[in-house]
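Visitor: Each chain, written out:
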Amino acid sequence: MPIVIEPYRKEHEPAVEAFNQRLQAGGEAIIFFRQAEQQYLAKVEGSNPYQVQFVALEDGTVRGGYALKRQSFSFADGTVRSIGYYHHCLSEGVINQAYARVGSMLLLHAMRQEQMLFCLGMGGYGRPLPNMLIRLGWSHCLIPFYMRVLRPYRFLKQMERLRTSSMRRIAMDVGAISGAGWTGLKALQGGQRFRAPRVAPFSVEQFEEFSDWIDHLWESARGNYGMAAVRDAKTLRILYPANFPHLTRLKVMRDGAPVGWAVVAERRKNPRWGNLRVGTVVDCWAAPGDEVTVIRAATEALEQRSLDVIVSNQSHQAWCTALEHSGFLKTSSNFVFAGSKKLAELLQPFDQQKSRMHLVRGDGDGLPWAY
Amino acid sequence: MTSTAFEQVRGIASDLFAVPSQEITADSSPETIKTWDSIQHLSLVLALEEKFQIQLSPDEIEQMTSIGAIARLLESKLANTPK
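Heads up: the protein sequence lines correspond to chains F and D, in order. Counted from 1, the first sequence has number 99 at position 99 by our numbering; the numbering is strictly sequential. Just so we're on the same page, our numbering is the position in the second sequence counted from 1, plus 1000.
Hint data in this document are derived by calculation from the structure and do not stem from the laboratory. One thing to keep in mind: the hints can contain errors.
Straight-line Cα separation of at most 35 Å, DSBU-like style, residue types lysine-lysine; simulated pairs [stated by the list, open to error]: (1) K1077(D) to K341(F); (2) K1034(D) to K342(F); (3) K1051(D) to K341(F); (4) K269(F) to K1051(D); (5) K1034(D) to K186(F); (6) K157(F) to K1034(D).
Derived CB-CB ranges, DEER-like [unchecked claim]: (7) T1032(D) to A242(F): 44 to 52 Å; (8) G137(F) to Q1053(D): 49 to 57 Å; (9) R237(F) to L1078(D): 26 to 34 Å; (10) T1032(D) to M1(F): 21 to 29 Å; (11) L1078(D) to K269(F): 38 to 46 Å; (12) Q1053(D) to M1(F): 27 to 35 Å; (13) R112(F) to E1023(D): 26 to 34 Å; (14) P128(F) to E1049(D): 22 to 30 Å.
Here are some of the chain F residues that sit facing chain D, going by a computed Cβ distance under 8 Å [unchecked claim]: (15) M1; (16) P2; (17) R101; (18) L108.
Ideal placement from N, C-alpha and C gives every residue a C-beta, glycine not left out.
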């Protein structure tokens, strides 16, 4: 039977449920949206960003699906363009070779909707999707990943992501029990911070909803970025709505004037992190030169929550430096950016532009269910 | 099938699949070209669309089972495309 791709509607939900069950039985951890109508990023008149979902159907049976988030981005040439974030693409092909073509059919369908597409996250280069995109000639890079360990003993004992062999587990246990791990991590992180330039005093206020003061910050800094999702108040109210209580929004000020903002959160439990409590800098923005101030403010807010570790993905060089100057250690990343050929035309030369893009956790896989 | 359409498809396929042009015949297919997998099939679709300024429907993509079939499909599609 031919496979057709259609917008995901309520009547497809039972077939999606059956598809999810087949994926889970095949060992897949990620499943497709159980409900066709999503409250988060719902497409309503005039809304931007918004998200639409599609399913691949074979005689009524769901064989795959994907989501396309449409969002305005600002580029180095000063233009603001709507582009597509292709995500949650799932194909029966991962568990049944007979459907190997579904993955490429879904991508082709998405490229018909929007030629300027990107993917972000994807679980690392070992996964099928980034491999497919690379073979199609998409531009790609790893988005640097940083962590700051707050409780070294618990981190060393429970960090499943690093405890991948018996030798590693023994070494980490010895480091935890002897105190050597604590000393080493504190020295590394403290050294980073010690070498950093002094940060002028700042104050922080928590707020519930993004309002007009945001817009000035957006306009004052957007020229520093080769590619950044529009972060004006109207957009941020949709991305990080006030009714998401698990997100904390911070206004960072100096001498009473805003110099930046951050959205921070605690991640939901994830087997890769064991029982660790993981805080994340989900998103952030700053007046030029105040990136480190904002990261310090975000870090301090998260440090008050008895977390074990704070993590952040940041692509822009200024934000990477801000993390390093705030005692974060750069470690291996599985957060991959890939941009279609049309999108990459705006990001040339890519090797230089990739560190001028502002891509963070909030732009990629994970919201809102990871927090 | 005209030799022009066949030659053009063969040239694109040769580049994409990294197979010498002379080894590609009208009967060449995913069964005979090892590098012609589902991803390269997508690359082929995109390359043809760019080269001939056309858009292939899912049904047409399913019909692209051999180099000869692709050349015939292109001929018929280009003949029906308004100039």
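Visitor: Would you mind marking each hint as holding or not holding in the structure?
Guide: Each hint, compared with the structure:
no. : hint                            : in the structure
1   : K1077(D) to K341(F)             : 25 Å, holds
2   : K1034(D) to K342(F)             : 29 Å, holds
3   : K1051(D) to K341(F)             : 15 Å, holds
4   : K269(F) to K1051(D)             : 49 Å, violated
5   : K1034(D) to K186(F)             : 53 Å, violated
6   : K157(F) to K1034(D)             : 47 Å, violated
7   : T1032(D) to A242(F): 44 to 52 Å : 60 Å, violated
8   : G137(F) to Q1053(D): 49 to 57 Å : 19 Å, violated
9   : R237(F) to L1078(D): 26 to 34 Å : 49 Å, violated
10  : T1032(D) to M1(F): 21 to 29 Å   : 26 Å, holds
11  : L1078(D) to K269(F): 38 to 46 Å : 57 Å, violated
12  : Q1053(D) to M1(F): 27 to 35 Å   : 31 Å, holds
13  : R112(F) to E1023(D): 26 to 34 Å : 32 Å, holds
14  : P128(F) to E1049(D): 22 to 30 Å : 23 Å, holds
15  : M1                              : 11 Å, violated
16  : P2                              : 6 Å, holds
17  : R101                            : 4 Å, holds
18  : L108                            : 6 Å, holds
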